[in-house]
Amino acid sequence: MKKFINKIDDVLIESLSGFASAHHDLVELNTDPLFLTRQHKAPNKVAIISGGGSGHEPLHAGYIGYGMLDAACPGHVFTSPTPDQMLAAAEAVHADKGILFIVKNYAGDVMNFEMAAEMLPFESATVLTSDDCAVINSTYTTGRRGVAGTVIVEKCVGSLAESGADLQTCKALGDKVNSRTASMGVALTSCTVPAAGRPTFDISDNELEMGVGIHGEPGRKREPMREADAIVQDVVSAILDALKPASDSEALLLINGFGATPLMELYLIYNTASRLFTEHGIKITRSLVGNYTTALDMAGASITLCLLDEEIKQYWDSPVHTAALRWGR
Amino acid sequence: MKKFINKIDDVLIESLSGFASAHHDLVELNTDPLFLTRQHKAPNKVAIISGGGSGHEPLHAGYIGYGMLDAACPGHVFTSPTPDQMLAAAEAVHADKGILFIVKNYAGDVMNFEMAAEMLPFESATVLTSDDCAVINSTYTTGRRGVAGTVIVEKCVGSLAESGADLQTCKALGDKVNSRTASMGVALTSCTVPAAGRPTFDISDNELEMGVGIHGEPGRKREPMREADAIVQDVVSAILDALKPASDSEALLLINGFGATPLMELYLIYNTASRLFTEHGIKITRSLVGNYTTALDMAGASITLCLLDEEIKQYWDSPVHTAALRWGR
Amino acid sequence: MKTSFILSASESIRDAILNHESELESLDRAIGDGDHYINMKRGAAAITELHAELAALTADAALNKIGLKLLSTIGGASGPLLASFFMSMAKVLKEKNDDTTTTYAAAFATGVEAIQQRGKAGLGEKTMLDVLIPVAQQFSTLASANTEINAICYALMQTAEEGMLATKTLIATKGRAAGLGERAIGHIDPGAKSCQLMINAVCNQVLSSQH
Amino acid sequence: MKTSFILSASESIRDAILNHESELESLDRAIGDGDHYINMKRGAAAITELHAELAALTADAALNKIGLKLLSTIGGASGPLLASFFMSMAKVLKEKNDDTTTTYAAAFATGVEAIQQRGKAGLGEKTMLDVLIPVAQQFSTLASANTEINAICYALMQTAEEGMLATKTLIATKGRAAGLGERAIGHIDPGAKSCQLMINAVCNQVLSSQH
Ligand SMILES: Nc1ncnc2c1ncn2[C@@H]1O[C@H](COP(=O)(O)OP(=O)(O)O)[C@@H](O)[C@H]1O
Ligand SMILES: Nc1ncnc2c1ncn2[C@@H]1O[C@H](COP(=O)(O)OP(=O)(O)O)[C@@H](O)[C@H]1O
Ligand SMILES: [Mg+2]
Ligand SMILES: [Mg+2]
Ligand SMILES: [Mg+2]
Ligand SMILES: [Mg+2]
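Protein chains in written order, with our numbering: chain A, 1 to 329; chain B, 1 to 329; chain C, 1 to 211; chain D, 1 to 211.
No lab work stands behind these hints: they were computed from the structure.
Subject to a maximum C-alpha distance of 25 Å in a straight line, what follows is the list of computed DMTMM-like cross-link-like pairs (lysine to aspartate or glutamate):
hint : chain 1 : residue 1 : chain 2 : residue 2
1    : A       : Lys41     : B       : Asp317
2    : A       : Lys283    : A       : Glu311
3    : C       : Lys69     : C       : Glu95
4    : C       : Lys120    : A       : Glu118
5    : D       : Lys168    : B       : Asp202
6    : A       : Lys283    : B       : Glu28
7    : C       : Lys69     : A       : Asp10
8    : C       : Lys65     : A       : Asp32
9    : B       : Lys2      : A       : Asp234
10   : B       : Lys7      : A       : Asp205
11   : C       : Lys168    : A       : Glu223
12   : D       : Lys69     : B       : Asp9
13   : A       : Lys41     : A       : Glu28
14   : D       : Lys94     : B       : Glu118
15   : A       : Lys2      : B       : Glu207
16   : A       : Lys313    : B       : Asp25
17   : D       : Lys69     : B       : Glu114
18   : A       : Lys41     : A       : Asp317
19   : C       : Lys65     : A       : Glu114
20   : D       : Lys41     : B       : Asp32
21   : A       : Lys7      : B       : Asp205
22   : B       : Lys283    : A       : Asp25
23   : D       : Lys69     : B       : Asp32
24   : B       : Lys176    : B       : Asp166
25   : A       : Lys97     : A       : Asp317
26   : D       : Lys65     : B       : Glu91
27   : D       : Lys41     : B       : Asp9
28   : D       : Lys120    : D       : Glu162
29   : B       : Lys7      : D       : Glu21
30   : D       : Lys41     : B       : Asp10
31   : D       : Lys120    : B       : Glu118
Just chain A, with the same shape it has in the complex:
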């Protein structure tokens, strides 16, 4: 394992300190318990709080700021944060209109946020994101995982909250965006958790992991490596199966790098994916290409399609000013 780190136990706090110092105009770091809040606390709005294991940067701290999150609670690498973090963050950012938690659907995140919500002295609601269609939904499982589509949910809900909407309205938009969003990822290499010191999984030079999770969890299938078009075709098919979009749908296409994949390849994937979706009658009218929900140093990428309507478009397009996503101001 070769990484720019000092002591393994200090990686997270040193990195977050760097983040907070580089973006001191946007965020403030609290260390005990660990959470980050937005500078310029907005009055009279639903406070949007997200969080999850670290290692997915810029998710979530990179999305703190105007038009997106009010606070983020980072856990240890790939480990859900704990309820005391959410409680302290909520205390810091609540503004009399309740707290909306945006939580990726992983047992650990769900349970920790749930316990926080139960202990919370304010009104709260939770949007569970579950866009990863690699995991086939069934009544027996905890359901799909939340992955890169979470960014779209956070963006839209954040902008709606900025307009003064109430808690239930914000939750409803989050649930709607989530239900219209599907993602699937492919890994070419494993990631290495600093504390583990070795790759999470072994994968040979002629294999890929189809449907991989953002923690290096094994996916649907270990498959032979092949050309980009064939890989993208399979991912696009899975997304179409999951969303079953009407043939004249308008959509946002997000090509998300997992951390070690060059932009050159991500745009090549975009090229193929947008062609395939277009052939399926879908109009790609919004796009996002880059490292938005990563898995440390994993080489790989995920494709996310979000079916737009006028409301989602409006809140996607609204101004946002965070470390990782910024437009309109």
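With chain A held as given, fit chains B, C and D with the ligands onto it using these hints.
Using the frame of chain A, we list chains B, C and D with the ligands on its own:
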């Protein structure tokens, strides 16, 4: 070599097509010869053109747009573009105030742009960027290489051009920013050029390449791997040696990832570098952390310090709207 | 229950976890995200640091404090589950701390129920519950039958081991491994393994204190 | 000079480049950025595609066209340098195409001077010029001494080889390897190697056409 590619000869054009399609509101792609121009051509301004070998994305195409570049000429991976590309790009974007080429100081880029400038039917000037202080400058060499500091030059000059300044004023600002900027990079792994199919250099699990170039060129020294603080300390020292800043200088600190280094590590580097520069009496008042000048899939990072003055700050802060850098609109 | 027993049991648990680093790590790497050992170790270390404070408390207050500490230290899926276990167990002991095997069995069962409620899971889903539910049931049965404490310990250790091994052939329907489908077969669930280790450690602690 | 000679020489050059793929690639990987072989191959392929068109031209026009084509195909450092070489050589031959060895030597020397001007480099900087300058000088000397063409070819091939090998012990002060300092020592310059290969190919072409 595992990459998201189809045929090796098509990587560049497929990737650029994806880029142009994802950002069709910002850029337009011309394929023969290969160059990209800004949508919404601005009248009556110096046209700013950059270019260089591909593989450094988002440099340069990602910086086309309001407040930055008017056109970019991508060469093959790590190979300078050719004069016909610059000539056609100039033809497409010139607006009666001349052409300013921003060229990273590599023999190939310099000569190709030079030949284009000689053949050009318009007035032109060139800013050569040479921020890489890993290469000790001497009268016998071609001088320092241009690396991540190029982004700062392009941003500032682009904003100045937007204000209607003339060619020589734009060139003067570019030269000034360049002279106040120094960078140095460290690689933990090699990059792999698709057409070569194997890593450019071999490096073992306990080594790093200090002063590496953005094409995987060997740097100052192969050194033993060590903790981040010690690595950053050496890079910071080299930069201080090169710039010899007055102790109350104000500066922009750019931590640039080479493509495969997680944001978590980049912010950790920022944390250490900003502390060290601050201890040296330098006030870090602007920052940029992310993958801005990459070397394909190389793991590693560079540190860039740009000494600010009121003029540079003004043009750095001005609105910019490109695929990779955006604020203020 | 004496607080001193809780303290020494927690040391045995910590040692058991630390002694199984590579096994726990590779189990979670195979069907999870590889952090289960680190999570458990972090939890165990936090409890060790708490010892001086715990020593001054009654057993139920100590267990409750342990639960709260685990809640704010472990994170992940195992954090809230184990925290719920200890906090619920503490509640039972607070009401009725009569030092009988039946009370301990009831407290244990209540703790396991809390895990079931928190995680919305049951038997056969390839989780720690495949160890905990059978152990809780057997503990209650043996306690009501007035079985001698040593015999109970041996029986529970064996049941825990069986439950842990049984997870190997299951498909997961809860937790991170639920995404894996058939690929989870052939791997023991990491949470089941660490629960078996903890039960083993506590039982051995009881057995050695009987001598 | 006949255009047909240019065409067959360009084929020999292409073959020489293609036959040294791994050598050229590893030389540029060692002290450059690894693309020199790919660049040269791309240039050679472009000239091959141009053959039909070139066949219809006079020798000087063909050389000029080759230069322009290389300019828009190779890129990198070698592109404009080689392009300048051919375009300058073409200019000399256009003025005086008398098919004498002296004219060819003069054309070659003018081409090499163009490279020097374009690259602002000279002898001993660990570049292609360490092959080209000595070859140009020797070519002029031997031509003015009315040396027989075969002898000239053998001499030039040897000088090219010596120049190429000599780059091994040099520190680079121009081009990409200039950043390397002492570390460049021990590696032959890739551009020097490909120029030696090209000179070799053309000389052999001349030699075989003499038989
Ligand atoms: N819903 C659940 N009910 C019971 N146990 C669960 C549940 N979800 C996960 N677990 C247990 O948690 C263990 C994983 O814990 P850990 O690795 O620490 O957390 P995470 O899965 O968040 O990384 C699994 O092996 C399983 O035994
Ligand atoms: N200024 C120069 N003068 C002469 N030759 C040069 C100069 N700069 C570079 N070269 C030659 O170019 C060769 C490298 O060519 P190539 O790899 O194709 O381009 P690049 O260096 O841009 O990747 C070097 O080996 C050297 O011989
Ligand atoms: Mg985890
Ligand atoms: Mg090159
Ligand atoms: Mg885990
Ligand atoms: Mg080269």
